[in-house]
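Novice: Residue strings, one per chain:
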Amino acid sequence: AQSVTQLDSQVPVFEEAPVELRCNYSSSVSVYLFWYVQYPNQGLQLLLKYLSGSTLVKGINGFEAEFNKSQTSFHLRKPSVHISDTAEYFCAVRSNSGGSNYKLTFGKGTLLTVNP
Amino acid sequence: NAGVMQNPRHLVRRRGQEARLRCSPMKGHSHVYWYRQLPEEGLKFMVYLQKENIIDESGMPKERFSAEFPKEGPSILRIQQVVRGDSAAYFCASSTGPNEKLFFGSGTQLSVL
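Just so you know, the sequences run in chain order Y and B.
Count along the first sequence from 1, add 30, and you get the number used in my numbering.
Count along the second sequence from 1, add 1401, and you get the number used in my numbering.
Heads up, a few of these hints could be off.
[To be verified] Derived lysine-lysine pairs resembling DSSO-like cross-links, with alpha carbons at most 30 Å apart:
hint	chain 1	residue 1	chain 2	residue 2
1	B	Lys1463	Y	Lys133
2	B	Lys1502	Y	Lys133
3	Y	Lys133	B	Lys1472
4	B	Lys1472	Y	Lys138
5	B	Lys1428	B	Lys1502
6	Y	Lys79	B	Lys1452
[To be verified] Stretches of chain B that chain Y covers, calculated by requiring three or more beta carbons in the stretch to come under 8 Å of a beta carbon on chain Y:
hint	region
7	1442-1456
8	1467-1475
[To be verified] The following label-pair restraints were derived from C-beta to C-beta distances:
hint	chain 1	residue 1	chain 2	residue 2	range
9	Y	Asn145	B	Gln1510	44 to 52 Å
10	B	Arg1415	Y	Ser100	50 to 58 Å
11	Y	Ser33	B	Gly1498	23 to 31 Å
12	B	Asn1408	Y	Ser110	24 to 32 Å
13	Y	Gln75	B	Arg1485	24 to 32 Å
14	Y	Asn98	B	Ala1403	33 to 41 Å
15	B	Ile1456	Y	Asn126	17 to 25 Å
I should point out that these hints are in silico values taken from the structure, not numbers from a laboratory.
Think of the CB as a built atom: it goes at the ideal place given N, C-alpha and C, for glycine as much as any other residue.
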């Protein structure tokens, strides 16, 4: 079984400031890690994913995340945010082996609000 | 190429009524997944279907909930005799295979009065 904790339910920042959205996970098996973004009135869209290899993963819209196995974390970062980044961000994991590895386990989400 | 289409976008039902939520997967996708997001919670897996088959319904409540994905037409999530606790956002996703990239719909917000 897996669980995902997103430590901040809301993160307000000013435009052009850096941002970090935190995600910690718990799992008894190896996992793949994902960040999804949901813009208002839209479906979830994949931002980036970690499957294997380099622990620093780059995604769309200038976002990146770093997988830290020892801390079981997968924090999302962007060095300079835009107003258009205002959205809900979800961290998710799924097992990378076994019969039910299609199931995603999501965190509760972090609402990022970028103010002018 | 249209994305995953869910309708209705908003659905209001009174306690005891039935709710039918529809999901049309992306073209070429034969795998459909339903997730539910209760208020203040993350999305939770409900059911995984392929055409005409339920592969995994381990996340579905045992009573009142059912899902289907017929050979023709959209996938349907059906909730009978709705209660206030069923109020949630229901998301559908589709893929070309169980380990392939998921594409999500915009969700159906169900409100039970």
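Novice: Each hint should be assessed against the structure and marked as holding or not.
Specialist: Hint check:
no., hint, result
1, B/Lys1463 - Y/Lys133, "holds (19 Å)"
2, B/Lys1502 - Y/Lys133, "holds (12 Å)"
3, Y/Lys133 - B/Lys1472, "holds (23 Å)"
4, B/Lys1472 - Y/Lys138, "violated (34 Å)"
5, B/Lys1428 - B/Lys1502, "holds (14 Å)"
6, Y/Lys79 - B/Lys1452, "holds (28 Å)"
7, 1442-1456, "holds (count 6)"
8, 1467-1475, "violated (count 0)"
9, Y/Asn145 - B/Gln1510: 44 to 52 Å, "violated (26 Å)"
10, B/Arg1415 - Y/Ser100: 50 to 58 Å, "holds (52 Å)"
11, Y/Ser33 - B/Gly1498: 23 to 31 Å, "holds (26 Å)"
12, B/Asn1408 - Y/Ser110: 24 to 32 Å, "violated (38 Å)"
13, Y/Gln75 - B/Arg1485: 24 to 32 Å, "holds (31 Å)"
14, Y/Asn98 - B/Ala1403: 33 to 41 Å, "holds (38 Å)"
15, B/Ile1456 - Y/Asn126: 17 to 25 Å, "holds (19 Å)"
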